[in-house]
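**Student:** Below are the chains, spelled out letter by letter.
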Amino acid sequence: MSSPSPLHPQRQEAGQLAAQSPLIAHTLPNKVRVLLLPSRKFRRRSIMVTCRMKMGEATARQALVPAVLVRGSSRVPKTRELRALLDGLYGASLTGGASKLGNAHLLHLRLGCVSDRVLPEPIWEQALGLWSEVLREPLIDGDGFHAGYLEEERRSISNELQGIFNNKTEYAQIRMLEAMFQGDPYCQTAYGTIEQLEATSPKQVAFAYRELMAQAPITVAASGDMDPDEMIRQIERLFGDLPMRAEDPYQPPLLPKREEVRSVDEEQPVDQGKLVMGYRLGRHAGDRDRLAARVASAVLGRYPHSLLFRHVREEASLAYYAASQLDLFKGLLTVHSGIDPKKRRPAQEIIEQQVAAIREGGFSDEELEMTKRALLNELMAQTDRPEAVLGQAYDLDLLGEPYRPEEEQAALNAIGREDVQHAFADIALDTVYFLSRREEGERS
Amino acid sequence: MIARRLEELDLHHYESRLDSGLTVSTLVLPQFAKTYAMLGVRYGSMDTRVPAPGASRPIPAGTAHFLEHRLFESTDGNVMDRFAALGASYNAFTDYFQTAYLFSATSEEEACLDHLLTFVQHPHLTAAGVDKERGIIVQELRMYRDMPEHRSWHALLNALYHLHPVRQEIGGSEQSVAEITADLLIACHQAFYRPSNMRLVVVGDVDPKAVVAQAERAFPTPSGPAPAFAPPAEPPTISQERVETTMAVSVPILEIGFKDRDPSTDLGQETATGLMAEALFGESSDLYLELHRQGLITDGFGAQSFTGPGFGLVAVGGETIDPERLEGELWRGIETIRKNGLDHTRVDRLRRRQIGQFWGLFDRPEALAHAWLGMAFQGQDLFELPDLLESITVTAVDERLTLLDPAQAAVSVVRDAS
Chain S
1 MSSPSPLHPQ RQEAGQLAAQ SPLIAHTLPN KVRVLLLPSR KFRRRSIMVT CRMKMGEATA
61 RQALVPAVLV RGSSRVPKTR ELRALLDGLY GASLTGGASK LGNAHLLHLR LGCVSDRVLP
121 EPIWEQALGL WSEVLREPLI DGDGFHAGYL EEERRSISNE LQGIFNNKTE YAQIRMLEAM
181 FQGDPYCQTA YGTIEQLEAT SPKQVAFAYR ELMAQAPITV AASGDMDPDE MIRQIERLFG
241 DLPMRAEDPY QPPLLPKREE VRSVDEEQPV DQGKLVMGYR LGRHAGDRDR LAARVASAVL
301 GRYPHSLLFR HVREEASLAY YAASQLDLFK GLLTVHSGID PKKRRPAQEI IEQQVAAIRE
361 GGFSDEELEM TKRALLNELM AQTDRPEAVL GQAYDLDLLG EPYRPEEEQA ALNAIGREDV
421 QHAFADIALD TVYFLSRREE GERS
Chain Z
445 MIARRLEELD LHHYESRLDS GLTVSTLVLP QFAKTYAMLG VRYGSMDTRV PAPGASRPIP
505 AGTAHFLEHR LFESTDGNVM DRFAALGASY NAFTDYFQTA YLFSATSEEE ACLDHLLTFV
565 QHPHLTAAGV DKERGIIVQE LRMYRDMPEH RSWHALLNAL YHLHPVRQEI GGSEQSVAEI
625 TADLLIACHQ AFYRPSNMRL VVVGDVDPKA VVAQAERAFP TPSGPAPAFA PPAEPPTISQ
685 ERVETTMAVS VPILEIGFKD RDPSTDLGQE TATGLMAEAL FGESSDLYLE LHRQGLITDG
745 FGAQSFTGPG FGLVAVGGET IDPERLEGEL WRGIETIRKN GLDHTRVDRL RRRQIGQFWG
805 LFDRPEALAH AWLGMAFQGQ DLFELPDLLE SITVTAVDER LTLLDPAQAA VSVVRDAS
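Protein chains in written order, with the working numbering: chain S, 1 to 444; chain Z, 445 to 862.
Keep in mind that the hints were calculated from the coordinates and are not lab data.
Ideal Cβ positions, reconstructed from N, Cα and C, are used throughout, including at glycine.
The reader is advised that the hints may include incorrect statements.
To be verified - Pairs of lysine to any residue, SDA-like flavour, derived with a Cα cap of 20 Å: (1) S:Lys-343 - S:Gln-268; (2) Z:Lys-576 - S:Asp-340; (3) S:Lys-31 - S:Pro-249; (4) S:Lys-41 - Z:Leu-805; (5) S:Lys-372 - Z:Ser-533.
Stated by the list, open to error - Quick look at which bits of chain S chain Z covers, simulated, 3 or more residues with Cβ under 8 Å: (6) 84–96; (7) 117–129; (8) 267–274; (9) 301–310; (10) 372–385.
Unchecked claim - Covered by chain Z, per the in silico footprint, the following chain S stretches (three or more residues, Cβ under 8 Å): (11) 42–48; (12) 150–162; (13) 332–346.
With the hints as constraints, model all of the structure from the sequences given.
**Tutor:** Encoded structure:
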């Protein structure tokens, strides 16, 4: 597609994408998965462990595990001391967190630091030691985690959850999810709910930690300047003693059909209205046409040239933003926009028209081409971000598929308008959420 | 030695000033798929006057930002369509001191760069286009009005400064954007979008000579100087000790800002200020850990130093469930440190931490380009940082504690309307 550019005299062609960043996948005897992205292109290196659990009653206590782990280990029990050590290691970062992938709950512990070859003194071994200590020799006194740290982290997460209300864009999206997925833990944040947090004891968090170590599917992913064989040996030394991992194959999400569209309106003293619409896509990550679904969602609302931006913002001046988002691990498509509160009806109508336009082929060949090119650009650009490559490799690994960007590139090129239309063939509007202030003299 | 040189790591950066006055900066990142380019104009919300026949005339707040929005319509058609056809991602932003246009591409880089260098020179500014944009910009301003951090920050700047245009919102207000006309945008474009007032920054696996040659073709001739920024005669004192904003929030916000009596954009001084703030308020500080222990802060808590021509400040704060208690604890912590001085071994560790962060930039072309361009417009050189961090004395960092003078402080609080 592209001609050799004089700006890039020696650059390899796109076809050699895989050769540039070969991803190595390996399984330890106890079924711990290892994903490695060895490369000297970067000046930083990283290692991250991901444990996979389920969202549900235990979401909050599971999410508290990484938060408490990074406060200290049995050898370095004081957070102050641990952070001082990390600062001295040229600002090595040791972070714990939680995220959700469909109804799976992912718990992470990540180390990032500058590569030894960039520094006047080596630090990797010491940084890796801190990371593994924090994970494998945590600060558990008796049968519970350090009560003081747990209390602090619980309060901190609780404040964060309460603070979501301050960010209206995020708040509106969560409220839409709550309306659409009542009774489904998918509507929780990856940190659970405030009620769950309050009901959690140090014992329960220690129990959740032991569960993670005993049976959760675990993936260790590393990137940067490394000898892959040596890295695998190191990971085996650190994780080889764990019991055999449980089998937990990917299951496609279930989204029950609803007869009528659910509509939720909320009022607050805001200046800009937030309209969020949830669609059941009828497609998911394991489907053959998942790529077509990504293209369809992008033609609809991923880019400034997408239908939503053009029609809702540029032509009708109704919104500052209007975009679509896809979660294939849940089969959910979300459209969100920030609009003039008085223009809710026309905005919703235009959005529904654009979704229908995708299904019915009401987009130009040029719009499709621009979108495919933009997605290809993203795919290529992703190779510059090791955490993005490893993130995608992880998702694919869950589906039992290898990371092969060159194949994805070819598949993306081959997608035609019928594929895009077909990806939206079963789409159905499920829930509409609208946040606005009450307008004087307007019917409510 | 704690920092190595760029050359030792086989990293090379180039800078040249063309005959037209345009400065071209290139950093080669071998093996990167992406080329990231920014064309910056030294024109932001702080520029409040434009030359007019005879004298100069005032510009309504938000004009630089409005012009940035409208530049995506050029005489050659829609600018975004062209980038989209080339498969590039593209964006623009305006801040206090600069406007920047940028793209990221993994193919067709030469065509993208040509487009970037051309479209900013050929805007299509019409009354109809300006009217349509106003509706979009008003929506953007309303979105910011609903953001508590944004409101707190803006209120803090207004409390610290009497006259300096850093007080103005970058996007202006609904009233000020109502005054903006196509003629005004044309006048501002002519005055500020001159090669001598612009910088091109390109980061990626590129040939620096080819970049320069392309920029020379796009900007062949000089077009005279642009209006210089003249800071007003801002008094050294603060304007207001305390400002409160009420809006719909579940968690209040508290920020304390300290106004520098003698502001300077000297990189050495700013580095010292940054280290001082990190030592006092950073995640590994005693104060941070104590505030976290008491449940008074969230992850967003932190300190930042912010300087530019004619202003300089350090702000600390974030979301908190109890602004009064947080404020009390902050004052107590500041007083203790001002009395006892900083822990020297800690400053030394933070120096290493910042060197690590500097090297991290080279894995993130966007962050690197943004830092390079923004600093260059302040007369600072990003690549001096390793040397500076290596050589800065603890005494110099300690001295910056004088900045945290209660007489120079203003407090901004955002709380719930109900």
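**Student:** Now, for every hint given, state plainly whether the structure supports it.
**Tutor:** Taking the hints in turn, this is what the structure says about them:
1. S:Lys-343 - S:Gln-268: holds, 16 Å
2. Z:Lys-576 - S:Asp-340: Holds. Lys-576 (chain Z) to Asp-340 (chain S) sits at ~14 Å (cutoff 20 Å).
3. S:Lys-31 - S:Pro-249: holds, 13 Å
4. S:Lys-41 - Z:Leu-805: Holds. Lys-41 (chain S) to Leu-805 (chain Z) sits at ~13 Å (cutoff 20 Å).
5. S:Lys-372 - Z:Ser-533: Judged against 20 Å, a Cα distance of about 12 Å means the pair holds.
6. 84–96: With 8 residues in contact (Cβ-Cβ under 8 Å with chain Z), the coverage given for the stretch 84–96 of chain S holds.
7. 117–129: It holds: at least three residues are needed, and the stretch 117–129 of chain S offers 4 whose Cβ sits within less than 8 Å of chain Z.
8. 267–274: Result for this restraint: holds, n = 5.
9. 301–310: holds (count 3)
10. 372–385: holds (count 9)
11. 42–48: holds (count 3)
12. 150–162: Our answer is that it holds, as 6 residues pass the Cβ test (under 8 Å) against chain Z, meeting three.
13. 332–346: Since three or more residues must qualify, the claim that chain Z covers the stretch 332–346 of chain S holds, with 3 doing so at under 8 Å.
The structure agrees with every numbered hint stated previously.
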